[in-house]
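As a plain string of letters, each chain reads:
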Amino acid sequence: MDAIYWPSVFFLIFGALACGFALAVLLSANIVRMAFYLVMSLAATAGLFFLAGQEFVGAMQLLIYVGGTLVLLIFGVMLTSQERFVNMKTLAGDWVIGMIAGGALLSLLTAAAFSVPEWRGPERAAVENLPIEPNATPIGMGLLGARVDQIGAPADERAGMAGYLFPFEIVSVHLLVVLIGAAYLARAKRRSNPLPTG
Amino acid sequence: MTSSLLANLLTEPPGVAHYMTVGAVMFVCGAMCMATKRNALGVLMGIELVLNGANLNFIAFGSKYLDNGGPQLGLDGSLIALFVIVLAAAEAAVALAIALNFYNNHDSIDVDRADQLQG
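Protein sequence lines, in the order shown, are assigned to chains E and Z.
The first sequence lines up with residues 1 to 198 when you count with the working numbering.
The second sequence lines up with residues 1001 to 1119 when you count with the working numbering.
With the rest of the complex left out, here is chain E (with noise of 0.2 Å):
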C-alpha cells in the first residue's frame, strides 16, 4: 500500500467541511445559525483555493469574503432580527419539491463530473514534481494588463489575449457606483420635520 498523500487527506477535510456546512445552512432555520455556518463553508472553501496552487485567490476570499461580504450579513441580520422572524419554518411541500429537484441536480452534475476521464485526479508521480511558483505576481501582472504567463506563445496566439484591465476598471467603478446606490437605499428615513421649531 502507498504511503498516505497528505494533501489529499486535507482535501477531505476541507471538502467535507465545505459541504457539510453547506447543508447546515441549508437546513437549519434559524437566521443567526445559518450566518455562522455560512462562515465555516466559505473559510473551508478558501482553504480549497489554497490547496489547488491559488493562495491569491484563497486569500482574497478570506480577506473579501469571509471579512467584508459576510460581516456585512451578519449585520443585516441583526438589524432585521425580530422575534418572528429569527426562525422561520419552510412549508413542508416546499421540502419535498426542493429535495426532489435539488436531487436529481446534484446527481446529473456529479455523474458529469466523474464522466470525463481527464478531470479525474492526475498521476501522483506528476504532481508531486511540480514546481512551486507563487501565483500572485502573474495575477497583479494580469490586472494590469500584461499576460506574463503567456510570455512563450506565438504572436498570432497572443493577439486574442489581452489582459484584464479593461474588466479591472469597469468592475472597480461598478463597485464604487453600487457602494453608493446601496448607502442611498438603505439610508435611514428621516420622519420627522426636516426642519425643527423652537
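Quick caveat, the hints were computed from the structure, so don't treat them as lab data.
Certain hints may be false.
Simulated coverage check for chain Z against chain E, where a stretch passes if three residues somewhere in it have a Cβ under 8 Å from a Cβ of chain E [unchecked claim]:
(1) 1017-1031
(2) 1034-1042
(3) 1057-1064
(4) 1078-1090
(5) 1094-1100
(6) 1110-1117
Quick list of in silico lysine to aspartate or glutamate cross-link-like pairs, EDC-like style, CA-CA up to 16 Å [claimed, not checked]:
(7) LYS1064(Z) - GLU133(E)
(8) LYS1064(Z) - GLU118(E)
(9) LYS89(E) - ASP1110(Z)
(10) LYS1064(Z) - GLU123(E)
(11) LYS89(E) - ASP1112(Z)
(12) LYS1064(Z) - GLU55(E)
(13) LYS1064(Z) - GLU169(E)
(14) LYS1064(Z) - ASP1076(Z)
(15) LYS1064(Z) - ASP149(E)
Quick list of the computed label-pair ranges, beta carbon to beta carbon [as the list claims (entries may be wrong)]:
(16) LEU1117(Z) - ILE170(E): 23 to 33 Å
(17) GLN150(E) - ASN1105(Z): 47 to 57 Å
(18) ARG1113(Z) - GLY20(E): 30 to 40 Å
Cβ coordinates follow ideal geometry from the N, Cα and C atoms, glycine included.
With chain E's structure known, arrange chain Z on it following the hints.
Leaving out everything else, chain Z in the frame of chain E:
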C-alpha cells in the same frame, strides 16, 4: 468498493472532478436555499453559496496541480474567480440595502409578503 475508493482518495491526488463534486454540493445547497427559505436574508445566503460553488469550478480548472491533460483555464481561472468575488460583494451590498428598505417599509422580512407588484 467503498474502502478501495477511500484508499484511492487518500493515496492519489484529487482531480478536477473532486473539486467539481464539492462545488456541485455547494451549488445545490445554495439553489435550494434560494427556493425554500422564507427569510430574505436566507435567500441572500443561498446566492452566496451558489457563487462560491461556481467559483470552486473556476479555481479547479485554473489549477495545474489538478490537471490530468484536459483543457485548462490557467491564469484566466483565478482572474475570473477574483472578479466573481468582487461582484458578489457588490451584489450583497445592494441586496442588503433592498432588504433593509423592505423591512423599514413593511415591517417584515418574509419574502412571501413582497407581493405588491402583483397587486
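Taking the hints in turn, this is what the structure says about them:
1. 1017-1031: Coverage by chain E holds here, the residue count being 14 at a Cβ distance below 8 Å.
2. 1034-1042: Answer holds; 7 residues pass the 8 Å Cβ test.
3. 1057-1064: It holds, with 5 qualifying residues against the three required.
4. 1078-1090: holds (count 11)
5. 1094-1100: holds (count 6)
6. 1110-1117: Not satisfied, violated; 1 residues make the cut.
7. LYS1064(Z) - GLU133(E): holds (11 Å)
8. LYS1064(Z) - GLU118(E): holds (13 Å)
9. LYS89(E) - ASP1110(Z): It holds: about 11 Å lies between the C-alpha atoms, which stays within 16 Å.
10. LYS1064(Z) - GLU123(E): Cα-Cα ~12 Å, so holds.
11. LYS89(E) - ASP1112(Z): holds (13 Å)
12. LYS1064(Z) - GLU55(E): Distance ~13 Å between LYS1064(Z) and GLU55(E) Cα, so the pair holds.
13. LYS1064(Z) - GLU169(E): Not OK: LYS1064(Z) and GLU169(E) at ~28 Å, beyond 16 Å, violated.
14. LYS1064(Z) - ASP1076(Z): holds (12 Å)
15. LYS1064(Z) - ASP149(E): holds (13 Å)
16. LEU1117(Z) - ILE170(E): 23 to 33 Å: holds (30 Å)
17. GLN150(E) - ASN1105(Z): 47 to 57 Å: holds (52 Å)
18. ARG1113(Z) - GLY20(E): 30 to 40 Å: holds (32 Å)
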